[in-house]
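Novice: With chain Y held as given, fit chain S onto it using these hints.
Top to bottom, those sequences are chains Y and S. Residues 306 to 471 in our numbering are what the first sequence lists, from first letter to last. Residues 12 to 430 in our numbering are what the second sequence lists, from first letter to last.
Do not rely on the hints blindly, as some may be mistaken.
Unchecked claim - Straight-line alpha carbon distances no greater than 30 Å define the calculated DSS-like cross-link-like pairs of lysine-lysine that follow:
1. Y:Lys-467 x S:Lys-159
2. S:Lys-26 x Y:Lys-450
3. S:Lys-102 x Y:Lys-331
4. S:Lys-58 x Y:Lys-339
5. Y:Lys-450 x S:Lys-58
6. S:Lys-90 x Y:Lys-466
7. Y:Lys-467 x S:Lys-60
8. Y:Lys-388 x S:Lys-60
9. S:Lys-60 x Y:Lys-339
10. S:Lys-159 x Y:Lys-446
11. Y:Lys-466 x S:Lys-102
12. Y:Lys-331 x S:Lys-343
13. Y:Lys-331 x S:Lys-89
14. S:Lys-18 x Y:Lys-450
15. S:Lys-90 x Y:Lys-450
16. S:Lys-163 x Y:Lys-466
17. Y:Lys-331 x S:Lys-18
18. Y:Lys-466 x Y:Lys-450
19. Y:Lys-317 x S:Lys-18
20. S:Lys-58 x Y:Lys-388
21. Y:Lys-450 x S:Lys-60
22. Y:Lys-317 x S:Lys-283
23. Y:Lys-343 x S:Lys-404
Simulated from the structure, these hints should not be mistaken for lab results.
For reference, the chains in residue letters:
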Amino acid sequence: MSPRIVRGKVLKVGDNVDTDAIIPGKYLTLTDPKELGKHALEGLDPSIPSLLKDRQIIVAGRNFGCGSSREHAVLALLGAGVKAVLAESFARIFYRNTINRGLLAIEVPGIRNVVADGEEVIVNVEETTLITASGKTLQFKPIPKELIEIIEAGGLVESLKKGLTK
Amino acid sequence: MYSLTAKILARASGKEKVEVGETVIAQVDKVVIHDVTGPITLEVIEKLKHQIREPGRLYVFLDHYSPSPSVPASNIHKKFRSFFSSYPQTKFFDVGEGICHQVMVEGNVLPGEVVVGADSHTTTYGALAAFSTGVGSTEAAYAILTGKLWFKVPEPMYIKLEGELPRYACGKDVILRILGIIGQEGANYKSLEFLGSGLKSLSMSDRLTIANMSVEGGAKNAVFPLDDTLINYLEGFGQHIELGKLAYLRPPEEINPDLVIDLSKLDPMVAKPHSPANVSPVGDIEGLKIDVAFIGSCTNGRYEDLLIAAEILKGRRISRSVRLIITPASKKILAKMLENGIAKILLDAGAIITPPSCGACFGGHLGVVGDEEIIISSSNRNFVGRMGSPKAKIYLASPATVAASAIEGRITDPRNYLR
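So here's chain Y without its partners, still in its complex pose (with noise of 0.2 Å):
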């Protein structure tokens, strides 16, 4: 797994997109993130989870992942593909979980008007870069590098297994 360059389609979402928007309370017996990714975003509009099949990038604007905790949310998201969740700003505790299950979360200021919904972007997380099929470029605020140790284990089950944390 190497999340350094992501390189994908966008789908693009508005402000304050909720965890039960991600993922709807009805689903919350499954734990599998196959299962679960079957209605990532469901709750914003159903016909969301057929479009991520050829979408890997979600495009956000303010506080992204806001309300319940339910790590199902990321699972959700990983289990439908999702590569990188890009927003103006996340949730606090989504943002936690995203690390700690290994789905790559930037904050990118201003991306919502420079990134249309559809278009192809390419995020370089060493060189702190995305740039999209129109030539052009956003800059972001370096990753901490035990965040992204975490990220690339895969998680934080898998980064306490390779003993990269303590």
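Specialist: Leaving out everything else, chain S in the frame of chain Y:
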């Protein structure tokens, strides 16, 4: 200026003092998991093949599906019972005991403690001058296995309360007012710290509601100081507070507040679809027809909430077009409402009383709402699809406003019924 949160985290991490923004590794006194987020926690623990460090510090609740409405939920419960049978010291609360956050504040959390829960509303225990916050299932597993967790010391947002809370208003109206001002991410990563002379007029029930919903503004935690109201409340659960050791949690000196709320001028507030921060005074939307009225949840399913509802509903009937669903937050509360005649008053008025559970609040069971239905609810979230159909519309309000609205079948100002 040194926040209560920083003081608690300093003690828990063995430091004299900590700075805002500093990352500390704190001892976690208690961990809470339940039947929605807990299955993932158990998967992680099993995967790591590790023994639970101190099972006596782990609180496990079967509260979301209580009692179970489906085969998958029953199977989760079966797994929990079997898993924890090898850890008899675990504090295990089976279906019917109540919602985790209510049971925890019935004598299970003490001032100054650090508590994490795999549930965002773990912020509730801040009303008990504790540091408590929601974490994901994996982090809960980490805290269960290691007894520790890392925290960034949050920036405090000081909220000063002045004046006296009127009888028709409660903690719900206070926190909705605050959310309306700061917005849905106005407190993101921050600690809401409450102070001021207005605290005297806030009951523990009011404070628990406020701390509970602080997460709807994105807050990491909320904290109230250790005052006489809290000391007397804990005495009621047989917990005697030695002030000597906990003096650092007493109400702070004068602090320059970020926000001042005059409680005496508070209107009953309502959060409109689809955000808890989309708030108006009840007057702005009075008269809107409703289908369902819900009183319950970790936010407002306490005895005080049912008492005010009973006061409004006594000798009256709810509208024929409304279902009024009442879900007490714990078995203790249900017992008390039976004992004191509250249950009879509510039933006579036409209410449905369910067993203690998270119930309708999260759309799991006991009142899942249908397409295009309009709900007035004492719970905490009105997101799209939260209580069932994504086509339903949820309005959040105090139990008094919900009860008054149930009578008229329309959103109603509780002042019409309370004098």
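Novice: Holds or violated: are the alpha carbons of Y:Lys-317 and S:Lys-18 at most 30 Å from each other?
Specialist: The given pair, whose Cα atoms are some 42 Å apart, is violated under the 30 Å limit.
Novice: Does S:Lys-60 sit within 30 Å of Y:Lys-467, going by the straight-line distance between their CA atoms?
Specialist: holds (14 Å)
Novice: Could you grab the alpha-carbon distance between Y:Lys-450 and S:Lys-58 and see if it respects the 30 Å cut-off?
Specialist: Holds, because 26 Å separates the two Cα atoms, which is no more than 30 Å.
Novice: Next pair to validate is Y:Lys-331 with S:Lys-343; report whether the Cα-Cα distance is within 30 Å.
Specialist: holds (28 Å)
Novice: Can you confirm whether the C-alpha distance between S:Lys-159 and Y:Lys-446 stays at or below 30 Å?
Specialist: holds (28 Å)
Novice: Y:Lys-466 and Y:Lys-450 were given as a pair; does the straight-line alpha-carbon distance stay at or below 30 Å?
Specialist: holds (18 Å)
Novice: Given the hint that Y:Lys-343 pairs with S:Lys-404, test it: the Cα-Cα distance must not exceed 30 Å.
Specialist: holds (25 Å)
Novice: Hey, Y:Lys-466 versus S:Lys-102, does the alpha-carbon distance stay inside 30 Å?
Specialist: holds (28 Å)
Novice: Mind checking the alpha carbons of S:Lys-26 and Y:Lys-450 for me, to see if they're no more than 30 Å apart?
Specialist: Distance ~25 Å between S:Lys-26 and Y:Lys-450 Cα, so the pair holds.
Novice: Below or equal to 30 Å on CA atoms is what counts here, so check S:Lys-102 against Y:Lys-331.
Specialist: holds (27 Å)
Novice: Taken at face value, is the distance from the CA of Y:Lys-450 to the CA of S:Lys-90 at most 30 Å?
Specialist: This hinted pair is violated, its Cα atoms lying about 38 Å apart.
Novice: If you draw a straight line from the CA of S:Lys-58 to the CA of Y:Lys-339, is it 30 Å or shorter?
Specialist: holds (18 Å)
The earlier numbered hints that this structure contradicts are 15, 17 and 19.
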